[in-house]
Amino acid sequence: MTELIYGFLTGVIFGFLLQKGRVIRYDKQMAALRLMDMTIVKFMFTSILVAMVGVYILKDLGLAKLSLKSTVLGGNIIGGLIFGIGWGILGYCPGTQLGALGEGRWDTVWGIIGMHVGAAIFAELYPVMKKTVLTWGDFGKITIPQALGINHWFIIPIFVIGGILLFWWFEKKNL
Amino acid sequence: MREKENGKKAWSPYLAGALTGLLLVASVWFTGKYVGASTTFVRSTGFIERLFIPERVASLEYFKKELPKIDWQFLFVIGIFFGSLIASTTSKTFKLQGVPDMWQNRFGPSKVKRGVAAFVGGAIAMFGARLADG
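If you read the protein sequences in the order shown, they are chains A and B.
Under the numbering used here, think of the first position of the first sequence as 1, with each following residue one higher.
Under the numbering used here, think of the first position of the second sequence as 1, with each following residue one higher.
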């Protein structure tokens, strides 16, 4: 029960911040995909960088464990491409769509229903996918520092500096 | 290209993003939970299908892997709705809209057209998300 309350509260704060950052509505999502307005990229990348540093500090202090998903090139690449097509048509992401509904964008209702249909179709086809696409290029649970065999604190600053340069460029181009 | 809403100030995406990053770290620290959303759609699909075709749901491997159950992430996704509702209503940026502006400029005001596209797009996006395990 406590776990569910934590989940709910985390979601409320997340939804609050998403709305304040103006990153959940269709126009912002599409403007990013059309390379007109990088607001959602700034938001996402900033949160990833902060979380990356914080989570690795927790890990080094023995306070948290990483939760890795398998790198399966077949699933990641083909699934990513399919997701992108759907995202470009719908203009909302799965979770943040609930946030867009929360600020009154009710066309998300059709997207939410569609996502249930998509999940149902995937559940039907999962046995086939498991034998084909999901076996292509399966590297298991790896991280970049592991794959390169070096300490993660050599990799993290590269991402942080890369992110800051990207942000600097966005601001220069007024994106 | 960035537009401004008159008098309704958005937070800097860097600030909102950084605070979100801290939220993710706090979640991992205090509860060990990493955020996600699309698994919840599988679980709720399982709930709905179970009402109509329970034998089918019981027989599908994917619903055994992602059981229809209410878990941390399920409440997280519901929480996103309420968080956004609170933020938008308290800042007067809540707006009931069934056809987004950018869509309307390109494809016209038809709610049916938008609804069909959103439905199809949603189905494709979720299939892709599950295939990519994201």
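Hints listed in this document are in silico derivations from the structure and should not be mistaken for laboratory results.
It is possible that part of the hints are untrue.
[Unchecked claim] Across the chosen pairs, the derived CB separations fall in these ranges: (1) B:G32 x A:G140: 31 to 41 Å; (2) A:P157 x B:D133: 46 to 56 Å; (3) B:K92 x A:L81: 34 to 44 Å; (4) B:K111 x A:P157: 24 to 34 Å; (5) A:I158 x B:I48: 39 to 49 Å.
Values in this document were obtained by computation on a predicted structure and should not be read as measured data.
Just so you know, even glycine gets a beta-carbon here, dropped at the ideal spot from N, CA and C.
Here is what the structure says about each hint:
1. B:G32 x A:G140: 31 to 41 Å: With a Cβ separation near 22 Å, B:G32 and A:G140 fall outside 31 to 41 Å, so the hint is violated.
2. A:P157 x B:D133: 46 to 56 Å: violated, 28 Å
3. B:K92 x A:L81: 34 to 44 Å: Given range 34 to 44 Å: holds, Cβ gap about 39 Å.
4. B:K111 x A:P157: 24 to 34 Å: Between B:K111 and A:P157, where Cβ atoms are some 49 Å apart, the hint is violated.
5. A:I158 x B:I48: 39 to 49 Å: holds, 44 Å
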